[in-house]
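**Student:** These protein sequence lines are chains E and W, in that order. So the first sequence is numbered by my numbering: it starts at 1 and just counts up by one. So the second sequence is numbered by my numbering: it starts at 247 and just counts up by one.
Errors might be hidden in some of the hints.
Distance condition first, Cα-Cα at most 27 angstroms in a straight line; then the derived DSS-like pairs of lysine-lysine [as the list claims (entries may be wrong)]:
| # | chain 1 | residue 1 | chain 2 | residue 2 |
| --- | --- | --- | --- | --- |
| 1 | E | Lys224 | W | Lys547 |
| 2 | E | Lys17 | E | Lys220 |
| 3 | E | Lys17 | W | Lys514 |
| 4 | E | Lys220 | W | Lys427 |
| 5 | E | Lys150 | W | Lys349 |
| 6 | E | Lys72 | E | Lys220 |
| 7 | W | Lys349 | E | Lys224 |
| 8 | E | Lys50 | E | Lys150 |
| 9 | E | Lys32 | E | Lys224 |
Hints were generated in silico from the structure; no laboratory data involved.
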Amino acid sequence: MVNIAVLVKQVPDTNAKIVVQGGTRVDLSSVKMVMSPYDEYAIENALLHKEALGGIVTAITVGDGSAEKILKDAKAIGVDELIRVDVTQDMDSNALQHVLVEAIQSVGAEVVYCGKSAADTGAGSTGPGIAQRLGWASVSNITDIEFSSKLCVIAPMGGSSAKIDVSMPAVISCDKGNVKVRKANVKGIMAAKKATVQVLSANCPSSTIEIIRHSMPPSKPAGKSFQGGDSANEVARLLREEANIL
Amino acid sequence: MTTIVIAEINNGSIQETTKELISAAHSIEGNPVLIIPCSNASTADGASNFEGVSQVIAAKSDVFGTYDASAWADALDSVMPQGTIVAAASQQSKDLAARIAAKRNLSVVQDVVSIENGEFTSPIYSGKAMQTVRCNGDAVITVRANIFNPVSSGGSNSVQVVDTSGNVATAVREMIERASKRLDVSEANIIISGGRGMGDPSNFSHLEQIADVIGAAVGASRAAVDTWDEIPHSMQVGQTGKTVNPNLYIAVGISGAIQHLAGMRSSKYIVAINKDADAPIFQHADYGIVATWEETLPVLKAAFQSMMA
Numbered sequence: 001m002v003n004i005a006v007l008v009k010q011v012p013d014t015n016a017k018i019v020v021q022g023g024t025r026v027d028l029s030s031v032k033m034v035m036s037p038y039d040e041y042a043i044e045n046a047l048l049h050k051e052a053l054g055g056i057v058t059a060i061t062v063g064d065g066s067a068e069k070i071l072k073d074a075k076a077i078g079v080d081e082l083i084r085v086d087v088t089q090d091m092d093s094n095a096l097q098h099v100l101v102e103a104i105q106s107v108g109a110e111v112v113y114c115g116k117s118a119a120d121t122g123a124g125s126t127g128p129g130i131a132q133r134l135g136w137a138s139v140s141n142i143t144d145i146e147f148s149s150k151l152c153v154i155a156p157m158g159g160s161s162a163k164i165d166v167s168m169p170a171v172i173s174c175d176k177g178n179v180k181v182r183k184a185n186v187k188g189i190m191a192a193k194k195a196t197v198q199v200l201s202a203n204c205p206s207s208t209i210e211i212i213r214h215s216m217p218p219s220k221p222a223g224k225s226f227q228g229g230d231s232a233n234e235v236a237r238l239l240r241e242e243a244n245i246l
Numbered sequence: 247m248t249t250i251v252i253a254e255i256n257n258g259s260i261q262e263t264t265k266e267l268i269s270a271a272h273s274i275e276g277n278p279v280l281i282i283p284c285s286n287a288s289t290a291d292g293a294s295n296f297e298g299v300s301q302v303i304a305a306k307s308d309v310f311g312t313y314d315a316s317a318w319a320d321a322l323d324s325v326m327p328q329g330t331i332v333a334a335a336s337q338q339s340k341d342l343a344a345r346i347a348a349k350r351n352l353s354v355v356q357d358v359v360s361i362e363n364g365e366f367t368s369p370i371y372s373g374k375a376m377q378t379v380r381c382n383g384d385a386v387i388t389v390r391a392n393i394f395n396p397v398s399s400g401g402s403n404s405v406q407v408v409d410t411s412g413n414v415a416t417a418v419r420e421m422i423e424r425a426s427k428r429l430d431v432s433e434a435n436i437i438i439s440g441g442r443g444m445g446d447p448s449n450f451s452h453l454e455q456i457a458d459v460i461g462a463a464v465g466a467s468r469a470a471v472d473t474w475d476e477i478p479h480s481m482q483v484g485q486t487g488k489t490v491n492p493n494l495y496i497a498v499g500i501s502g503a504i505q506h507l508a509g510m511r512s513s514k515y516i517v518a519i520n521k522d523a524d525a526p527i528f529q530h531a532d533y534g535i536v537a538t539w540e541e542t543l544p545v546l547k548a549a550f551q552s553m554m555a
């Protein structure tokens with residue numbers, strides 16, 4: 001029996017248009033929120049781990065009540081237990097990792113799966129950060145995994161990739177790779193409806209990183225437009241003479 | 247305040263982007279201490295002429311032979327002074343930065359593209375918006391490539407070698423040779439990408455031929471990866487693929503979905519080739535060619551060949 005935790009995060013749909021309101025903060029009020037895409041691979045790997053060796057999978061998220069939807073989505077796919085750490089304020093990586101470590105320890109997990117990065121920040125700090133705080137091994141951006149008393153993963157290494165043995169306890173951050181994410185079936189969706197979410201309060205250290213503002217990306221000046229394939233000659237010349245590339 | 251730069255190393259040599267990291271550290275404060283993780287102290291010789299550093303330390307340990315996150319974090323932490331740490335925003339160094347930050351109970355700011363007046367700006371939502379933060383106290387910062395001007399090579403530094411060690415938690419069983427000898431999009435300074443407009447995955451061979459001429463990596467849009475099994479996810483540029491910022495990005499038969507733009511819009515120069523004059527990609531292109539790829543790519547290839555000859 002393996003005690004497995006998987007970290008999931010609610011983010012704006014990756015097809016959503018992002019708008020900065022009032023010149024200072026991103027306005028997400030009309031944006032559809034979904035589970036961060038790489039977290040789906042983390043759940044799949046966690047479920048495969050359970051199926052291979054037996055165990056229990058707990059999905060953990062941090063946020064306000066609205067974040068429980070993605071926990072229910074995780075339940076519908078086959079996760080056993082659901083935990084939400086109740087936090088509403090902005091948190092920097094230090095504060096977030098601190099509350100996640102507390103939740104992971106309260107569950108007694110021996111292995112933690114997470115997405116390689118969340119689609120909002122794209123930072124990828126959480127997996128390695130919590131591993132360091134727990135004193136565990138970690139491998140990031142894995143694309144394949146085999147389960148035995150230890151884990152054998154495939155991950156990028158020096159411009160190529162490598163098969164790597166990882167002893168547990170460990171944190172595994174997941175890239176898309178070769179796994180196919182399963183879909184919820186009717187039984188799962190019914191189970192999700194009835195599922196209860198355990199809410200933990202957080203003992204959250206203050207953040208040292210302060211968000212000053214959000215802004216739209218700097219817009220580029222209009223480029224040069226050409227018609228027809230022969231203009232590729234002119235573009236190649238400009239790349240060398242104007243852009244100083246090549 | 248002390249700043250520390252962790253040199254970016256690949257295959258035992260210091261990468262050019264390290265000079266950009268030193269320049270980024272200057273934007274924070276003063277000349278940084280340069281730390282070079284190495285298994286052989288001769289690796290550090292490459293930094294002996296870097297300008298703008300206060301001290302060069304070769305952190306020498308067998309653990310730096312292959313990447314193990316916890317061992318690298320341990321081995322570097324023990325030789326680095328306290329201060330704000332700057333590293334490259336490569337996949338491996340972002341992982342390492344998060345480890346070191348956690349070890350020191352610091353926060354980490356990844357993918358920084360601008361440092362001004364103590365404020366750090368990074369793309370969020372894969373570049374659909376920017377976030378500017380201020381760090382109250384020390385932090386760990388990773389910096390994107392091709393943005394800060396590299397320092398010059400007219401300096402003369404003595405390298406101090408310090409032995410260090412860390413506990414290795416993982417073991418490489420075997421290296422896996424890549425099916426393709428081609429550069430990965432995440433490592434390339436030039437990328438040529440194809441979308442569903444290429445019509446058929448076999449037509450990516452035309453992109454590969456151009457890539458061979460100019461030393462580029464070949465990428466793809468999500469539409470192409472989802473449509474054709476022959477195009478692997480490892481080639482995908484976009485919000486759910488790889489985020490890239492090369493010097494030159496050539497988008498062929500790519501309409502410019504928001505998902506794709508998110509992954510490549512910070513490229514220094516963008517060339518778009520598309521038969522649809524209304525394709526959104528043209529709004530982001532420095533040079534846009536409205537034409538089919540069939541009529542454009544042969545001309546482009548010949549032009550590059552004569553330039554590179």
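**Student:** Look at each hint and say if it fits the structure.
**Tutor:** Taking the hints in turn, this is what the structure says about them:
1. For a cut-off of 27 angstroms, the pair hint linking Lys224/E to Lys547/W stands: about 20 angstroms separates their Cα positions.
2. Restraint check for Lys17/E and Lys220/E: the C-alpha separation of about 18 angstroms stays at or below 27 angstroms, so the hint holds.
3. At roughly 23 angstroms between alpha-carbon atoms, Lys17/E and Lys514/W fall within 27 angstroms of each other, so this suggested pair holds.
4. The hinted pair formed by Lys220/E and Lys427/W fails the criterion: a straight-line CA distance of about 34 angstroms is larger than 27 angstroms.
5. For the hint linking Lys150/E to Lys349/W, the alpha-carbon distance of about 25 angstroms falls within 27 angstroms, and the restraint holds.
6. Our distance criterion of 27 angstroms between C-alpha atoms is broken by Lys72/E and Lys220/E, whose separation comes to about 42 angstroms.
7. A C-alpha spacing of about 49 angstroms is found between Lys349/W and Lys224/E, which places the hinted pair above 27 angstroms, so the restraint is violated.
8. With a C-alpha separation of about 13 angstroms, the suggested pair Lys50/E and Lys150/E falls inside the 27 angstroms cut-off, and the hint holds.
9. Restraint check for Lys32/E and Lys224/E: the C-alpha separation of about 36 angstroms exceeds 27 angstroms, so the hint is violated.
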